[in-house]
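Colleague: Just so you know, the protein sequences line up as chains P and H, in that order.
Residues 1 to 272 in my numbering are what the first sequence spells out, letter by letter.
Residues 273 to 527 in my numbering are what the second sequence spells out, letter by letter.
Since the hints were derived computationally from the structure, they do not count as laboratory data.
Please read these numbers as outputs of a predicted model, since none were measured by experiment.
Be aware that a few hints might be false.
[Stated by the list, open to error] For each label pair, taking beta carbons as the anchor points, the in silico distance ranges come out as:
id, chain 1, residue 1, chain 2, residue 2, range
1, H, S510, P, S3, 24 to 30 Å
2, P, V152, H, D300, 35 to 41 Å
3, P, N252, H, S400, 36 to 42 Å
4, P, V248, H, N486, 38 to 44 Å
5, H, D441, P, V152, 47 to 53 Å
6, H, S411, P, P179, 20 to 26 Å
7, H, K347, P, M124, 24 to 30 Å
8, H, S411, P, S153, 53 to 59 Å
Even for Gly, the Cβ is constructed at its ideal location relative to N, Cα and C.
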Amino acid sequence: MASTSKKIQSALLPITSGAIILAVWYLISYWYGRSVGYDVQRIIIPFPHQITSALWSEREVLWQSTRQTALSALIGFVAAVSVGYALSMLLASAVWVKKALYPWVLVLQMTPVVVLAPIFVLWMGQGLPSITAITFMIGFFPVVANTTMGLVSTDRNLLDLFEMSNATKAQEILHLRVPYAMPYFLTGMKIAGTLAPIGAISGDLFAGSSQGGVGGIGYMVILYNSQLKIPELFATALVACMLGFVFVGCVNWLHWYLLKDWHDSARKVENT
Amino acid sequence: MTTNSNNIPMVRLAGAHKRFGETTVLEDINFQAAKGEFISLVGPSGCGKSTLLKIIAGLHSLSEGEVVVDGMNPKNAREEMAFIFQEANLLPWKRVQQNTELPLKLRGESTERRVETARKMLELVNLSHALDKFPWQLSGGMRMRVSIARALTLAPRVLLLDEPFGALDEMTRDNLNEDLLRIHARDQWTAFFVTHSAAEAVFLSNKVVVLSANPGRISQVIEIDLPKERNAELREGSAYLNYVAKVSNAIRTVH
Numbered sequence: 001m002a003s004t005s006k007k008i009q010s011a012l013l014p015i016t017s018g019a020i021i022l023a024v025w026y027l028i029s030y031w032y033g034r035s036v037g038y039d040v041q042r043i044i045i046p047f048p049h050q051i052t053s054a055l056w057s058e059r060e061v062l063w064q065s066t067r068q069t070a071l072s073a074l075i076g077f078v079a080a081v082s083v084g085y086a087l088s089m090l091l092a093s094a095v096w097v098k099k100a101l102y103p104w105v106l107v108l109q110m111t112p113v114v115v116l117a118p119i120f121v122l123w124m125g126q127g128l129p130s131i132t133a134i135t136f137m138i139g140f141f142p143v144v145a146n147t148t149m150g151l152v153s154t155d156r157n158l159l160d161l162f163e164m165s166n167a168t169k170a171q172e173i174l175h176l177r178v179p180y181a182m183p184y185f186l187t188g189m190k191i192a193g194t195l196a197p198i199g200a201i202s203g204d205l206f207a208g209s210s211q212g213g214v215g216g217i218g219y220m221v222i223l224y225n226s227q228l229k230i231p232e233l234f235a236t237a238l239v240a241c242m243l244g245f246v247f248v249g250c251v252n253w254l255h256w257y258l259l260k261d262w263h264d265s266a267r268k269v270e271n272t
Numbered sequence: 273m274t275t276n277s278n279n280i281p282m283v284r285l286a287g288a289h290k291r292f293g294e295t296t297v298l299e300d301i302n303f304q305a306a307k308g309e310f311i312s313l314v315g316p317s318g319c320g321k322s323t324l325l326k327i328i329a330g331l332h333s334l335s336e337g338e339v340v341v342d343g344m345n346p347k348n349a350r351e352e353m354a355f356i357f358q359e360a361n362l363l364p365w366k367r368v369q370q371n372t373e374l375p376l377k378l379r380g381e382s383t384e385r386r387v388e389t390a391r392k393m394l395e396l397v398n399l400s401h402a403l404d405k406f407p408w409q410l411s412g413g414m415r416m417r418v419s420i421a422r423a424l425t426l427a428p429r430v431l432l433l434d435e436p437f438g439a440l441d442e443m444t445r446d447n448l449n450e451d452l453l454r455i456h457a458r459d460q461w462t463a464f465f466v467t468h469s470a471a472e473a474v475f476l477s478n479k480v481v482v483l484s485a486n487p488g489r490i491s492q493v494i495e496i497d498l499p500k501e502r503n504a505e506l507r508e509g510s511a512y513l514n515y516v517a518k519v520s521n522a523i524r525t526v527h
């Protein structure tokens, strides 16, 4: 069947390109090792199998550090989403509130988090509180910007409909503005979800601390780098990438699940 | 046509002006509609038909003059009015049943009453088979039927329709017109119906109000003296076609 062969094709294409990339990688590593010696090659551009064996030998350390980072990312993400949502409701409640507060939200957003990070460490010390605060700062703005946009752009005709029904302000918010803003909010949440692991890892670079020699992913990056454990460093990159995938996957699933019944972005274009 | 000059009019506009900033949208509108009348508002684009409808609904206020609905200020008469919009204007996240129940829900009616009334109204517009569908699963005509059912749940005495069938194909539109007349014969609400189509206006109404543009003024009120019982056959009769020609001509010459 045509659709089956298409499926095979769409699975085969990334596998093939992946194999080519691996082969090129091996070639470069090999060529580099031949010209400068394999001891140097190992700490500049390790063979892929050296990376996977580092991944295996460090598996317990990396698992522990991934859990630490995932926890910081999750707490920071949840805080960004809930505080962001609450602030959006406040901003959308009246025009004067938005006028009064939004510029300051922007100021906060425009200040790079890397500049604020040392200040957080100063206030909260090394460790989880600072790391989650950094994650929060990174994820918070997309939630606020998108949700506020959704809350204030409710369809005029729907508002008229509610007015004709003598709806109270509370009913208008609960039954119209909040569900109407849902796709916008979830878009903000998706962006925050993508940024959360990045935030937690960057947070680690500034505020990471270790427990028994193991810290978060960002901490391990610094540690491996200083010890010239480069295959381990690559393995850490691999782990960080997988954490990102898991995080974004969960958030995307939530987005799809909440909108699948009615919103264009989530349902299949198919009329029954 | 209903003639009850001794009755209090259901809707009355007297010396009504509407300005948006510098522009006068409606000028000196004087008009009244008795209970059960079906009034169509026609006229070139920008003549303020929709604005007039929203003034009766109390969604816009007048700059000058008076509008009275059943002896009240429109805002106080909301419970007696329902508005049907250009698009079906359904909540996309609610199923047909819940969409129909919405006005009752907002009014705080009990669940049983809500469910029962919505069912009845959906039956009236032949949608009993689609209670559990989402709006995106319906055709444009079906969505409009839901919108009509929703408006009827509150048993309105005045129904305001803002070009409700403008985006539909001709056959769907004709069917909906016939359904609307059937329900009107049953419930006898007073209707204000904005449309671009002379044929639709003549088919539905006992009076067609022709507005001129810039500013919107009543240029002519054409009484449609056709039998009350109207069906598809009426559309082929010469009396009907003469009225359509008359209304089209009136719209064309108001510029």
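Colleague: Each of the hints needs a verdict: does it hold here or not?
Modeller: Hints and how they fare:
1. Look at S510(H) against S3(P): about 58 Å separates their beta carbons, and that is not inside 24 to 30 Å.
2. Between V152(P) and D300(H) the beta carbons are some 37 Å apart, a value that agrees with the proposed interval 35 to 41 Å.
3. Between N252(P) and S400(H) the Cβ separation comes to about 38 Å, which falls inside the hinted range of 36 to 42 Å.
4. Between V248(P) and N486(H) the beta carbon distance is about 55 Å. The supplied range of 38 to 44 Å is therefore violated.
5. Against the hinted window of 47 to 53 Å, the Cβ-Cβ separation of D441(H) and V152(P) comes to about 35 Å, which falls outside the hint.
6. Taken as a hint, the range 20 to 26 Å holds for the pair S411(H) and P179(P), whose Cβ atoms sit roughly 24 Å apart.
7. Checked against the hint of 24 to 30 Å, the C-beta distance between K347(H) and M124(P) comes to roughly 54 Å, which is inconsistent with it.
8. Checking the proposed 53 to 59 Å range against S411(H) and S153(P) shows it is violated: the Cβ atoms sit about 27 Å from each other.
The earlier numbered hints that this structure contradicts are 1, 4, 5, 7, 8.
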